[in-house]
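Trainee: Both chains come to you apart, so use the hints to assemble them.
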Amino acid sequence: MIASVLDGIVLGLQFGLLAAGLTLVYGLGGVLNLAYGQMAVISAMATLFAINAEVPILPAVGIGLAVGVVLGLIFDQTILRPIYRLQGEARVLLSLLLTLGVAFIVDGYLTWRYPTEGLTLRIGGGPIEILGVPMRRGSIVASAITLVALGALFAFFRGTTLGRAVRSVIEDEEGARLVGIDPQRMLRIILALSGLLAALVAVTQSMVRPVTVSAGFGITVFALIVTVVGGLGSVTGAMLAGIILGIVSSIAASSIGTFLSLIILLGAAAVTILIRPSGLLGVRE
Amino acid sequence: MMLEVSGLAAGYQGADVIRDVDFHVDSGEAVMIIGSNGAGKTTLFRSVLGLLAPSSGAVRFEGSDIVGMPAQRIARLGVSFVPAERHLFPRMTVQENLALGAYPDRPDTETMTLVMDLFPRLAERRRQHAGTMSGGEQQMLAMGRALMAKPRLLVLDEPTTGLAPKLAAEAYQALRVLRGRGLTVLVAEQQVPLAMAFSDRGYVLENGMIELEGTSEALSMNPEVRRSYLGVT
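So the protein sequences, as listed, match chains U and R. Heads up: the first sequence at position 170 corresponds to 170 in my numbering, and the numbers run straight through without jumps. For my numbering, count along the second sequence from 1 and bump the result up by 285.
Among the clues, some could well be false.
Listed below are the simulated SDA-like cross-link pairs for lysine to any residue, each with C-alpha atoms no more than 20 Å apart in a straight line [what the hints assert, rightly or not]: (1) R:K435 to U:T161; (2) R:K435 to R:S513; (3) R:K435 to R:L468; (4) R:K451 to R:G421; (5) R:K435 to U:D182.
Hints were generated in silico from the structure; no laboratory data involved.
So here's chain R without its partners, still in its complex pose (with noise of 0.2 Å):
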């Protein structure tokens, strides 16, 4: 297992907001993590990532233990991460921003070309401050700049936020690559066909909880989650 999350606990101001989640992520696998807006994902990702420290359970990456480390430590073991509100250095350019990513090694040639082939919008803006840029070139920013570290297991926040559905789509599309190089994908979503369709394997999380796991196609098929994230009737 790369990624096994136990019995993970974790909040605001003594307020859990998730409450015992497991979940696991293998090595090679895409997993999803689907929920409405406020049922926990946010919060999940920030506790397993050492961006906010759980009240209790336990993180394990790659069979080391990472619960309680701090998120820069967590970030040089191999997990980039892609927060929803991207966290860029707004007045840096496009390309410093990625050197950043390869961060505290120089960028290597290879994995640049692969994110500018991968975004070759990135490529045409090199020289443009990231702040200036629209939101889904931000977002190509974000994933090209977690790639630049050259991560084992690459996790995203809800990377369709505010995206028009055709770069909502191009994102996947990406990701897809990505997974055929052999990447492992861990993505929270609340769009949930096209997080369905790109991913192996699936977790439910209502009101902090863990409610479904099973694989898309199963995921799909169940009458609940057709109602509730795939807008059958």
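Only chain U is shown next, with the shape it has when bound in the complex (with noise of 0.2 Å):
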């Protein structure tokens, strides 16, 4: 039982962090990004090739990380440019499409032209006790990293005045406007931001299990999970709920199955927004 939680705990950092990247765009920009999935996937592939290059791990997951930053930034500039000129749901809708389909293009293109690539960061050494538990030394790692990035996603939001500027577009757009904010400038930042957090997504999970060229979907669908019972928008809800989903998915695969696991996460999620539409911790319309 302890283990199970344990192991939930990790797999709900990992949520977490995933759904942050995804939350923040949306809460910003009023965009929801369905290739999300597929920019960790590319990231993922960009570390694998570098290090198939031999270029040294650290580097190469510097490469990868590069590369989350650069296709955010790139999203920012084109497919989303037609998508910023409309307002409101049709922006919502807009976005489901265009990202969509990119995530379409991507998926496709990869698994044709690398079917079996998969990236995996082995780290070495015995598993760790912890509480009893012998935990994977990758999981470890994995988890120390998601905390350390959590810890300074918060550090930014609550310290700096960048920080502070883009939470208040989400607060309110016109009022940050008459500070002085341009909220365009703002959603460049987030979307560079969640690149970032795709990409250490990726690298973060290799360490536990091999990322595929065909994962991108299943990374989008769970942060969309975490994010909805999280609340749109609230990265603090999105942490809460991707601990919460974790150890629910984790004790539910140790006892009854892997497979049904998946349907009682989606079962946990479906029960949390009949009771609280808005989310966890979402901004009520």
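Mentor: Structure below.
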């Protein structure tokens, strides 16, 4: 039982980081990015190719993260341009359609061109015991990196002028403009950050299990579930939902089976939404 | 002239709400724009401040053309706007709201002290979320946030909306203190007596057009103004 909970926390931290990248872009720009998982996969592939080209592991990871940032910026400058011209519901719908199109194209190309590739980062050394449960070293490292990243995110949003400026646009866009903040510029920064988070999730996940070329849609779906349960636009909500769903999913997987755990995860998400339509910490419209 | 508006027309969905509006504000002046509900005061301010694209006309601030400029750029030129709906950041603390007023700079302690002295309630509620405060406190916070940018021109759209008479009087008392420090103020108001006592000059906006203008003293003698806005028969 303790083992399942610990595994769930490892999984949940990843879920949370994953959802943070999606929820921020939605909260700030009203854009749901369904190609989010593909951003993660492309970053993973960049890391993999760098490693195959005999780049040492840390610089190779750095390349993957940089690719994530660049992908976010490219998104902002290309596919999101026509989306920004629309408002409200029309904006969300067009973003769903266009990013889904991109997701299919990227996914199709990658699985056709590199059908068997996958990124696995092996962390050497034996298991580490936590609360009497032996945990794989990869899981511990992945969770540590995720925790540091989340800490950095919170520090950025609470403690820096730029972070507060980004939050102010989520809170009240017109108010933000009145104090001299350019919402478009904040959105560009958040897309770069979202790309970075997608890449970081790909890297940390590859320490626990391989990230294959076709992993994109799975990543997006999990990010979407966690985002909706946590409340659209809330990073704290994404964290909370990530950890809760991670634990639910892990306990279900160990006691009932992996396949059923997905159904239970979706059930938990559905129940949350029925009870609290705006999510755990979402903004009520 | 600090602010000069000429021939301004603006509206929504192609229909102009305001037409051919001319007015100006000199440095150091307090100017009011009065008019009944729906006269176009808010549309006028939104189009002057870059929140609504005017269909024609010119707006100059300190000699440079600002028409068509986005609101965030106009704000950085030294014009702070306090809208009637306030547009605070509800899930951020009073302190954070004020700090953002100084964006992109860090809030300086001198201005922070000025705002806290002006509105002691804000000092007491530093750590409270803006969204949980009363209407009067929110109005003070909106004014405080606008002041944090150290504006040369402060524009307020109906600062007394929804305020009890005592709080409305307090808001104008704060504006008087700021004027004493040399701030230029432009205010749109429905509660005409308060604005009249505060301002040097005024314009009467009716059905989207400037119908009357003059010193506040002259306007307060005008029989039409007395009947329509001061409740004197």
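Trainee: Run the structure past the numbered hints and jot down the numbers of the failing ones, going up.
Mentor: 2
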